[in-house]
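Build out the structure end to end from the sequences listed, making use of the hints.
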Amino acid sequence: MSSEDLNAFRQVVLGDVRLQMELRELVDRDAFIACMVQLGGEQGFMFDAGEVEVTLLACRQAWFMRWIEG
Amino acid sequence: MHPSELRGWVPIRVYWRESQPMVDWCFMGMRSLNAPFFDQVVEGCIQEPFNLLFRHQTPLAMLQEVQAFSPGLEPSGMIFHMSRCGSTLAAQLLTAVPGVGVVGEPRVIDEVLRLSLRDPGITDEQRVAWLRALVSVLGQPRFGQEQRFLVKFDCWQVLDLPLIRRAFPQVPWVFLYRDPVEVVVSQLGRPSGRMLRGPLEASLLGLGGAEVAQMSDAAFCAHALAAFCRVALEQSTDSLGCLLHYRELPSAVWASLAAHFAIPCTDADVAVLRERAQFDAKDRSRRFVDDSLSKQRVATDQMRALVDRWVGPWYGALEEVRVRRTAAVVG
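Sequences listed follow chains A and B, in order. Note that the numbering used here has the first sequence beginning at 1, numbered continuously upward. Note that the numbering used here has the second sequence beginning at 1, numbered continuously upward.
Hint data in this document are derived by calculation from the structure and do not stem from the laboratory. Even glycine gets a Cβ: it sits at the ideal position worked out from N, Cα and C. Worth double-checking, as some hints may not be accurate.
[Unchecked claim] Reference listing, derived: stretches of chain A covered by chain B, where coverage requires no fewer than 3 residues with Cβ under 8 Å from a Cβ of chain B: (1) 6-17; (2) 42-49; (3) 55-65.
Now the structure itself:
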């Protein structure tokens with residue numbers, strides 16, 4: 001499942017400063033998503049740009065909802 | 001997880017995951033925290049896709065591990081206030097002195113202070129330890145030139161001043177205030193989220209929820225301001241506490257407040273502060289305008305009566321102490 005691969009790749013990034021540095025520099029959303037797909041693929045994780053986009057939107061909504069959830 | 005992995009990461013939120021308090025960390029790298037409000041910095045960071053997708057989530061104890069591994073600056077000063085009284089101006093002016101940083105009303109401090117509301121088993125000692133750890137992490141030098149670090153608290157947190165002083169017993173602090181009529185006019189004209197009347201605020205004032213719900217906005221504001229003044233007055237028993245009236249700004253920042261916080265201020269620094277003081281601390285594109293007279297003009301008899309009844313005695317007592325201390329310094 002691509003969503004599982006994306007979540008697994010996110011955990012890999014959180015433990016890898018080199019990957020973090022490469023992704024942090026990309027503030028442009030499209031460039032960031034493209035880099036995510038590329039780096040994820042290099043690490044053996046298969047997900048596409050659409051999956052990353054959906055996850056970004058979900059994270060943004062979760063951030064907005066944080067005060068309600070407490 | 002080792003604390004070294006959090007180099008460049010800043011705690012932005014404390015929240016509950018089931019029964020465990022957790023910390024949400026955001027990478028900020030070399031980003032300055034010196035904005036008028038820390039949460040403005042956070043919102044700016046969260047706009048970046050990396051910070052949306054990648055944030056460390058750790059148990060609260062990691063704050064203490066980071067504190068032990070890489071201690072931050074001990075605060076040089078703490079700024080408390082009654083709201084709408086120049087506290088942002090004072091804090092922002094002091095950051096114009098080289099080497100001085102400030103965190104402005106970080107909500108994450110409030111979240112740590114309120115942990116015991118969710119879990120009454122959390123002791124004051126635990127909150128003191130976590131507060132010290134959080135401030136230490138927020139005060140970590142990030143550019144190498146930081147020498148002094150100030151914490152500006154939210155107006156409600158003056159009610160926690162006794163506990164905060166237990167966390168930082170040797171740190172000088174200031175309470176900024178002004179004619180409470182002007183604060184009530186300001187809050188009613190442009191309400192801040194922090195003056196919303198929720199169950200938390202009612203409990204902090206020692207009032208019942210039903211009682212607060214029936215109050216007018218002006219009455220609630222007056223009760224809050226009275227509580228702020230009362231606690232500040234009760235804590236002003238030694239030289240660590242300084243009382244500063246709005247009308248003394250901005251010159252008091254370089255004339256007395258900097259020295260109170262042991263911040264050296266050269267003539268060149270003072271010139272910079274004088275220049276900056278001409279502009280709105282929250283929006284430097286606008287000139288600062290003293291709005292005291294305009295606020296006094298629009299204050300209603302009801303507002304004045306509420307202030308006289310609830311805040312007047314405490315405000316009067318603060319002024320007595322402040323004037324007496326000023327006279328002692330001049331004399």
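Against the structure, the hints:
1. 6-17: holds (count 5)
2. 42-49: violated (count 0)
3. 55-65: Coverage by chain B holds here, the residue count being 5 at a Cβ distance below 8 Å.
Checked against the numbered hints listed earlier, the structure breaks hint 2 alone; every other hint is satisfied.
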